[in-house]
Amino acid sequence: MINTLERIPWWRDRRVMPWIVQAVVGLVLLVVISLLVGNLVRNLTGAGLLLSWRWLGQPASFDVAESLIPFDASMPYWRALLVGLVNSLRVIVVGLVGATLLGTAVGMASFSSNGLLRRLARVYVEVIRNIPLLLQLLFWYFVVFLALPNGTAAFQLPGVVVSKSGLYLAWFAQGFSWQGPELVNGVWQAPLRLSVEFTALLTGLITYSGAFIAEVVRGGIASVPLGQWEAATSLGLHWSASMRSVVLPQALRVIVPGLNSQYISLAKNSALAVAVGYVDLYSVSETTLNQTGRALEVFLLLLGSYLIIDLLISAVMNGVNQLVQIRER
Amino acid sequence: MTSLPPRPGSTTTQPLRPASPAPRTVQRSWAGVLRQELFASRGDGLVSVLLILLILASAVGLLRWAFGQAQWAVIQVNTTLFAVGRFPIEQQWRLWLLVVLVAALSGTSWGLLRAFPRADRSGELWPFNDRLAVALLGFLAAWLPAALALGFPLQLRWWAITGLLVAMRWIAGHWGRSWPPRLLKLVSLGWPLLYLFGMVLIAGGLGMSRVSPSNWGGLLLTLLMASFAILLSFPIGVVVALGRRSSLPLLRWSSVLYIEFIRGAPLITLLFLGQNILGYMLPGGWAPDRVWRAAWVLTFFCGAYLAEAVRAGLSAVPPGQLEAARSLGLSMPQALQRVVLPQALRIALPAAVGQFISLLQDTTLLSLIGLLDLLGTARTVMANPEFLGKNAEVYLTLAVLFWCCCAALGLGSRALERRLDPTHSPA
Numbered sequence: 001m002i003n004t005l006e007r008i009p010w011w012r013d014r015r016v017m018p019w020i021v022q023a024v025v026g027l028v029l030l031v032v033i034s035l036l037v038g039n040l041v042r043n044l045t046g047a048g049l050l051l052s053w054r055w056l057g058q059p060a061s062f063d064v065a066e067s068l069i070p071f072d073a074s075m076p077y078w079r080a081l082l083v084g085l086v087n088s089l090r091v092i093v094v095g096l097v098g099a100t101l102l103g104t105a106v107g108m109a110s111f112s113s114n115g116l117l118r119r120l121a122r123v124y125v126e127v128i129r130n131i132p133l134l135l136q137l138l139f140w141y142f143v144v145f146l147a148l149p150n151g152t153a154a155f156q157l158p159g160v161v162v163s164k165s166g167l168y169l170a171w172f173a174q175g176f177s178w179q180g181p182e183l184v185n186g187v188w189q190a191p192l193r194l195s196v197e198f199t200a201l202l203t204g205l206i207t208y209s210g211a212f213i214a215e216v217v218r219g220g221i222a223s224v225p226l227g228q229w230e231a232a233t234s235l236g237l238h239w240s241a242s243m244r245s246v247v248l249p250q251a252l253r254v255i256v257p258g259l260n261s262q263y264i265s266l267a268k269n270s271a272l273a274v275a276v277g278y279v280d281l282y283s284v285s286e287t288t289l290n291q292t293g294r295a296l297e298v299f300l301l302l303l304g305s306y307l308i309i310d311l312l313i314s315a316v317m318n319g320v321n322q323l324v325q326i327r328e329r
Numbered sequence: 001m002t003s004l005p006p007r008p009g010s011t012t013t014q015p016l017r018p019a020s021p022a023p024r025t026v027q028r029s030w031a032g033v034l035r036q037e038l039f040a041s042r043g044d045g046l047v048s049v050l051l052i053l054l055i056l057a058s059a060v061g062l063l064r065w066a067f068g069q070a071q072w073a074v075i076q077v078n079t080t081l082f083a084v085g086r087f088p089i090e091q092q093w094r095l096w097l098l099v100v101l102v103a104a105l106s107g108t109s110w111g112l113l114r115a116f117p118r119a120d121r122s123g124e125l126w127p128f129n130d131r132l133a134v135a136l137l138g139f140l141a142a143w144l145p146a147a148l149a150l151g152f153p154l155q156l157r158w159w160a161i162t163g164l165l166v167a168m169r170w171i172a173g174h175w176g177r178s179w180p181p182r183l184l185k186l187v188s189l190g191w192p193l194l195y196l197f198g199m200v201l202i203a204g205g206l207g208m209s210r211v212s213p214s215n216w217g218g219l220l221l222t223l224l225m226a227s228f229a230i231l232l233s234f235p236i237g238v239v240v241a242l243g244r245r246s247s248l249p250l251l252r253w254s255s256v257l258y259i260e261f262i263r264g265a266p267l268i269t270l271l272f273l274g275q276n277i278l279g280y281m282l283p284g285g286w287a288p289d290r291v292w293r294a295a296w297v298l299t300f301f302c303g304a305y306l307a308e309a310v311r312a313g314l315s316a317v318p319p320g321q322l323e324a325a326r327s328l329g330l331s332m333p334q335a336l337q338r339v340v341l342p343q344a345l346r347i348a349l350p351a352a353v354g355q356f357i358s359l360l361q362d363t364t365l366l367s368l369i370g371l372l373d374l375l376g377t378a379r380t381v382m383a384n385p386e387f388l389g390k391n392a393e394v395y396l397t398l399a400v401l402f403w404c405c406c407a408a409l410g411l412g413s414r415a416l417e418r419r420l421d422p423t424h425s426p427a
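Which chain is which? The protein sequence lines are A and B, in order.
Residue numbers are given in the numbering used here: position 212 of the first sequence equals residue 212, and the series is strictly consecutive.
Residue numbers are given in the numbering used here: position 387 of the second sequence equals residue 387, and the series is strictly consecutive.
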């Protein structure tokens with residue numbers, strides 16, 4: 001009797017089967033990966049392009065339209081890539097702030113007492129989410145911003161001028177004096193000029209991510225029990241006051257984790273800058289590849305940079321998440 | 001009567017109106033609704049008036065542009081290019097055949113859905129939504145070919161195709177119940193078979209001449225890439241999600257590595273990998289051409305995101321389900337296939353469809369690596385000196401097209417969700 005019990009077929013034996021499965025999967029993965037990497041090494045060696053970072057020090061010999069750090073064509077490739085990274089970070093950071101503001105406003109508008117405003121918020125979200133971002137970026141750049149008038153015909157608000165050649169903002173000039181945009185010989189001049197490419201990209205990213213963030217904010221606010229609203233109202237708080245000091249702080253617990261993934265996708269979406277001619281990291285990488293043929297190195301640099309940006313955003317948002325959690329005693 | 005707060009993530013906007021103490025009455029007049037919705041307070045009224053003015057101004061501006069300044073010839077002249085790219089003219093009958101088959105099969109499946117009512121249906125043969133859909137189809141068939149200034153023979157073809165769809169819907173709806181089971185099985189097998197046959201029609205084979213992928217373009221390429229990636233990413237997503245939840249460390253870690261690698265990088269850098277590095281990684285002669293390389297990148301990209309959706313579905317299934325299935329004597333694959341996955345996939349459905357919608361949108365990135373998908377075709381058309389500066393017309397048309405496709409997918413997903421919901425009682 002004991003004998004029949006001990007004779008478990010091997011494919012039902014829990015001590016054997018997991019190891020066999022893992023061995024088979026491991027073997028398959030090993031074969032596939034070694035084939036891929038082996039081919040890669042062989043082919044790259046044949047082409048004289050095996051992993052090397054020496055080319056980073058050679059002069060880039062291409063120019064970059066806009067840069068926060070000094071750059072010219074005689075500077076090395078690593079400097080050009082750095083310029084691209086800084087430009088990417090610039091649009092990501094400004095975009096994050098703008099999209100958060102817009103998304104929060106629209107998300108709160110979904111709970112307005114005004115029916116028209118509520119429906120308009122809905123329409124905005126549904127329109128934006130169902131149209132590809134790339135299409136929207138091209139639309140903003142080619143249809144909206146490049147069709148703007150120039151010179152005296154440009155749109156002018158106090159301290160802001162929007163024209164075909166860019167966005168001009170009032171800012172502190174030398175010696176901390178506030179200075180607005182002014183027309184000098186038919187050309188606008190201002191202490192702070194944003195290129196039309198940057199403005200178009202930023203507008204597109206903010207309106208796109210804003211719609212997704214609005215949904216996150218709406219979900220967060222909806223998760224706060226109705227009793228909280230009623231309690232706040234019966235204490236005599238206005239709609240805006242109850243939203244600000246009762247509902248939003250509680251909604252943040254739900255909102256912040258959702259924001260994290262939206263922020264990361266905004267950062268990744270910023271790589272579409274190349275479509276509107278803004279020189280970001282991806283765009284510089286593409287030019288670098290065309291000039292050097294260093295596909296593998298360029299790809300690794302791109303991958304690493306975006307990975308670090310993602311991790312940074314996640315780390316910051318995890319910190320924020322800790323802050324907004326309810327602390328019970 | 002107080003309304004319950006909407007669930008997070010639910011699509012209905014239930015207004016929370018803590019500031020208005022007036023109780024809601026069940027029956028309200030038209031003017032009463034307007035008054036409460038738009039002019040409940042002085043501030044609301046002001047906002048409403050401003051918004052109405054803004055909406056009117058934009059609507060008037062848009063209409064005046066669309067019917068006055070806009071020159072739609074850029075769309076009308078290039079209809080074929082937008083639809084199929086540079087697919088050889090003498091082979092285009094194959095695509096027409098495909099459209100006819102799709103229309104016939106769609107009509108049949110639609111009719112059978114109504115002939116065999118499920119829990120969510122009252123069993124009505126022509127519910128209101130269906131009548132609305134037929135009316136919409138009729139309108140599209142009448143208006144679209146005319147608006148696109150297609151020749152009369154082409155218009156006639158589209159009318160015939162629409163007629164075929166509605167006729168099959170009618171036939172299957174009325175007599176589907178009495179069809180032999182073998183025929184019904186054939187219809188459900190029809191979609192995968194049609195997909196394979198469609199591939200043959202597009203690419204060539206079975207005696208038909210080969211059409212190189214570089215000649216596929218426009219809507220054809222967009223739909224082909226999206227459907228290919230969606231279909232193949234599904235098994236990848238399920239397998240990787242199971243792997244990620246597996247207790248075997250090798251399976252778990254390789255799944256995690258794959259998912260995080262894909263999700264950490266922007267799609268454009270992965271397409272870059274596909275175009276510039278994949279060729280070096282495969283043995284000589286193995287590397288597929290640019291279109292298929294991009295298709296595989298899209299597939300693996302979508303697979304990683306889908307895996308996360310499926311994983312969420314898997315973790316929502318109570319562990320007792322697996323344990324119960326195992327203790328009934330089902331093997332692990334059987335338990336997963338018959339007990340766990342059906343529940344997990346139903347829960348994962350909304351997220352998965354959301355992923356499919358974003359994949360459809362992501363196909364536009366193919367234009368950045370020089371492929372002639374819908375957007376890529378549009379950009380080549382606008383580079384033509386004859387149509388220079390017609391950006392607004394072209395981009396707006398594409399936006400409407402994408403919006404309709406994505407919104408339809410979303411609607412379909414919601415209908416499917418209702419259909420699969422086991423707690424839903426028949427109306």
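Source of the hints: derived by calculation from the structure; they are not laboratory data.
Where hints are given, some of them may not hold.
Unchecked claim - Facing chain A, a subset of chain B residues (Cβ under 10 Å, in silico): (1) L267; (2) L273; (3) Q337; (4) V339; (5) L360; (6) L368; (7) F387; (8) G389; (9) V400.
All C-beta atoms, glycine included, are put in the ideal place defined by N, C-alpha and C.
Now the hints, each set against the structure:
no., hint, verdict
1, L267, "holds (8 Å)"
2, L273, "holds (6 Å)"
3, Q337, "violated (17 Å)"
4, V339, "violated (19 Å)"
5, L360, "holds (8 Å)"
6, L368, "holds (6 Å)"
7, F387, "violated (13 Å)"
8, G389, "holds (9 Å)"
9, V400, "holds (9 Å)"
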